Amino acid sequence: MSHEKGTRLDGIASLEDLRQRCVVDEDAGCWHLRTARGRALPQDQRHVIWVHGIGHVTATRAAWLLAHPARQLRNGWVCYRSCDSYDCVAPQHIVSGTRKAWGMHMARSGKAVTTAKAQANRQGRRSTWKLTAELKRWLLESPQTGIDAAHALGITQGRANAIRAQERIELSARPARSVFDLAPVRGRVRAAEVQS
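So in my numbering, spot 176 of the sequence shown is number 179, and the numbers just go up one at a time.
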């Protein structure tokens with residue numbers, strides 16, 4: 004079907020377009036943004052959307068800019084949520100301010116990553132960063148797939164494959180004294196043993 008020049012075919016151009024992509028919570032007043040297929044957004048990612056006339060921006064910034072079309076965001080200011088929802092884009096819940104004000108809001112709400120939280124996160128991840136020599140040897144000699152071996156060790160498949168690749172590089176870099184040193188001796192008799 005043909006359309007006239009200038010007809011908007013997709014994207015967000017107004018607050019109403021943004022609201023239609025959300026699930027509205029009548030009790031809290033939050034607009035919970037959903038993906039194009041209606042699924043909830045992942046919590047650990049920034050939510051970037053396309054807005055006509057603005058381009059790709061975060062969902063919170065888009066909600067603030069669409070709610071205040073006559074105003075511009077000050078240089079260096081950020082937009083953040085005043086509510087506890089991670090995916091809310093309700094214009095009445097979006098606040099603009101300095102990064103310091105945003106940090107103080109995060110600290111008051113308990114969402115800020117304090118030094119103690121950062122250290123606890125690092126300690127939790129550090130246990131999967133390095134494996135002992137015995138576990139590396141088991142991983143290298145294991146006939147299991149990368150997924151199964153990684154699951155058994157409690158690490159990601161990518162980490163297991165990286166360890167296997169690094170160990171293979173280290174094995175191939177070791178100087179071999181003879182052809183017999185390249186493969187393990189299993190049931191073979193060395194030439195020196197035969198002669199004696």
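Wrong hints could be hidden among the right ones.
To be verified - Mimicking SDA-like on lysine to any residue, the simulated pairs with C-alpha atoms at most 25 angstroms apart in a straight line are:
1. 114 / 28
2. 114 / 50
3. 8 / 26
4. 139 / 153
5. 114 / 45
6. 120 / 146
What the hints contain is simulated information worked out from the structure, not anything from laboratory work. Every value quoted in this text rests on a predicted model; they were computed, and no experiment measured them.
To see whether the hints hold, each was checked on the structure:
For the proposed pair residue 114 and residue 28, the alpha carbon gap of about 22 angstroms is at most 25 angstroms, so the pair holds. For the given pair, residue 114 sits about 18 angstroms from residue 50 by alpha-carbon distance, which is consistent with the 25 angstroms threshold. With a C-alpha separation of about 32 angstroms, the suggested pairing of residue 8 with residue 26 is violated against the 25 angstroms cut-off. Distance restraint check for residue 139 and residue 153: the Cα-Cα separation of roughly 11 angstroms lies within the 25 angstroms cut-off, and the hinted pair is therefore satisfied.
Note on residue 114 and residue 45: the hinted pairing holds, with a Cα-Cα distance of about 17 angstroms set against a maximum of 25 angstroms. Between residue 120 and residue 146 the alpha-carbon distance is near 39 angstroms, which puts this suggested pair outside the 25 angstroms criterion.
Checked against the numbered hints above, the structure breaks hints 3, 6 and satisfies the rest.
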